[in-house]
Amino acid sequence: MRLGFIGLGIMGRPMALNLLQAGHSLAIYARRPEAMEPLTQAGALGCSTPAEVARQADICFTMLTDTSDVEAVVLGAADSDDQSILAGIQRGGMVIDMSTIAASVTRRIAARLEEAGVMMLDAPVSGGEQGAIDGTLSIMVGGPEAAVERARPLFEVLGQRIVHVGAAGAGQVCKACNQVVVAQTIAGVAEALLFAQAAGVDPGKVREALLGGFANSRILEVHGKRMLDEDFNPGFKASLHQKDLRILLEGAYELGLAMPGTAQAQQWLNALVGQGEGDLDSAAIYRVLKQLSRS
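Residue numbers (my numbering): -18 to 276.
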């Protein structure tokens, strides 16, 4: 199948490589040409604009940083020459956005593409860099059923759990829910391990015991180990988690929802990013809480 992939960062690059290694032809674009080199060396076609990618592909994937990036790449920026996906894609094509962005903008992009005869799926993911490398991501999909079934063989290359959540934007809503649970659980694990240490008990042994009980979670397993080792090389950058919670809290404001736990977790991420450590894994919330403690 002829595929395109735009956005080759921590997550996008291994995802694109998995699609290429699955036997698909792949056209790619990234703002930094050097980001394309590992893929072009593996056989991908490097392109100079998103429109050029779209002309080479029946299905275009995007994996970008923020809402405005996706909107500009897919629909084009009003103040520049139109080199967007929409400018190059043919009727009957498909755009699959795997970024984490605002659901309201996703719906607007999907409606504009539909007018042009192009289907869209929003399919954000969870699982971090290792999940992207291993092809074991959880994929939360919003959009038409027919489009989901067309894309399913490609999703199966990228992930293990693929859930069609609902109509356009539903995938983004689901990802926002994911980020709520992850952020608050990271903070909870950090507090638990810091308490154990301050109380004179080996936090590694506490983690080991908790892994066998009702408090067990993937966060305790993976991020708890990061905290104990003070190893915060990013599987998912704190600055991106901060962005995700900002989008969610803006949505909560529009819906009139009280989300105090999420707002508190956002403050830990704000502090981390404000200290110039936004490129660390969001598990480094532990470091912020430790700085606020006596021990």
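None of these hints come from the bench; they were simulated from the model.
Please note that the accuracy of each hint is not assured.
Only pairs whose alpha carbons sit at most 25 Å apart, straight line, appear in this in silico SDA-like list of lysine to any residue [what the hints assert, rightly or not]:
#1 Lys206 - Val162
#2 Lys186 - Glu172
#3 Lys271 - Glu258
#4 Lys271 - Gly257
#5 Lys271 - Ala179
#6 Lys224 - Gly237
#7 Lys206 - Ala58
#8 Lys271 - Gln165
Tested hints:
no. : hint            : result
1   : Lys206 - Val162 : 18 Å, holds
2   : Lys186 - Glu172 : 15 Å, holds
3   : Lys271 - Glu258 : 15 Å, holds
4   : Lys271 - Gly257 : 17 Å, holds
5   : Lys271 - Ala179 : 10 Å, holds
6   : Lys224 - Gly237 : 20 Å, holds
7   : Lys206 - Ala58  : 43 Å, violated
8   : Lys271 - Gln165 : 16 Å, holds
Hint violations for this structure: number 7 only, all remaining hints satisfied.
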